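Student: Sequence:
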Amino acid sequence: MNLGRFIAEEHYRLTRVLADAHLTDEARSLLPAADAILGELSENGTKGVRELAEETAARVRELS
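Just so we're aligned: the sequence shown equals residues 1 to 64 in my numbering.
Hints should not be assumed to be uniformly reliable.
Stated by the list, open to error - Taking CB as the label site, the calculated pair distances span: (1) V17 / S64: 16 to 22 Å; (2) H22 / N44: 19 to 25 Å; (3) D25 / K47: 19 to 25 Å; (4) G48 / V17: 28 to 34 Å; (5) F6 / P32: 15 to 21 Å; (6) D20 / N44: 18 to 24 Å; (7) H22 / S42: 20 to 26 Å; (8) R28 / F6: 20 to 26 Å; (9) L63 / E10: 17 to 23 Å; (10) L3 / T24: 25 to 31 Å; (11) I7 / L63: 19 to 25 Å; (12) N44 / T24: 31 to 37 Å; (13) P32 / L3: 30 to 36 Å; (14) G4 / S29: 19 to 25 Å.
Unchecked claim - Pairs of lysine to aspartate or glutamate, DMTMM-like flavour, derived with a Cα cap of 20 Å: (15) K47 / E9; (16) K47 / D35; (17) K47 / E10.
Honestly, the hints are just simulated from the structure, not real lab data.
Everything numeric in this text was worked out from a predicted model, so none of it was measured.
Positions of the beta carbon are idealized from the N, C-alpha and C atoms, including for glycine.
Take the sequences, apply the hints, and build the full model.
Tutor: Here you go:
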């Protein structure tokens, strides 16, 4: 597995955990960092991460 992909996945997973714990500020702070990492990956490196990114972003939006 690509190291960048792993790091992006872990950022999204942590963001989701924060959102599920209703730690709104923390989740909103971490999501842009995860998105920035994802943006640096090659197209091949993003496979499987985009869905996780979309689901996580939706969960964070629900906190509003």
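Student: Give a verdict on every hint.
Tutor: Now for the hints, and whether the structure bears them out:
1. Taking the beta carbon of each, V17 and S64 are about 18 Å apart, inside 16 to 22 Å as hinted.
2. Checked against the hint of 19 to 25 Å, the pair H22 and N44 fails, with Cβ atoms roughly 35 Å apart.
3. Checking the proposed 19 to 25 Å range against D25 and K47 shows it is violated: the Cβ atoms sit about 31 Å from each other.
4. Restraint check, G48 to V17: a C-beta distance of roughly 19 Å breaks the suggested window 28 to 34 Å.
5. At about 19 Å, the CB distance of F6 to P32 agrees with the hint of 15 to 21 Å.
6. Between D20 and N44 the beta carbon distance is about 30 Å. The supplied range of 18 to 24 Å is therefore violated.
7. Take H22 and S42: their Cβ atoms lie about 35 Å apart, and the range 20 to 26 Å is violated.
8. The supplied range of 20 to 26 Å is met by R28 and F6, whose beta-carbon atoms lie about 23 Å from each other.
9. A C-beta distance of roughly 20 Å is found between L63 and E10, which places it inside the suggested range of 17 to 23 Å.
10. Take L3 and T24: their Cβ atoms lie about 29 Å apart, and the range 25 to 31 Å holds.
11. In this structure, I7 and L63 meet the distance hint of 19 to 25 Å, their C-beta atoms being roughly 23 Å apart.
12. Between N44 and T24, the C-beta spacing of about 33 Å keeps the proposed range 31 to 37 Å intact.
13. Range check, P32 to L3: Cβ separation about 20 Å, and the 30 to 36 Å hint is violated.
14. The hint said 19 to 25 Å for the Cβ distance between G4 and S29, and at roughly 20 Å that hint holds.
15. At roughly 11 Å between alpha-carbon atoms, K47 and E9 fall within 20 Å of each other, so this suggested pair holds.
16. Note on K47 and D35: the hinted pairing holds, with a Cα-Cα distance of about 14 Å set against a maximum of 20 Å.
17. The straight-line distance between the Cα atoms of K47 and E10 is roughly 15 Å, inside the 20 Å bound, and the hint therefore holds.
Taken one by one, the earlier hints fail for this structure at numbers 2, 3, 4, 6, 7, 13, listed in ascending order.
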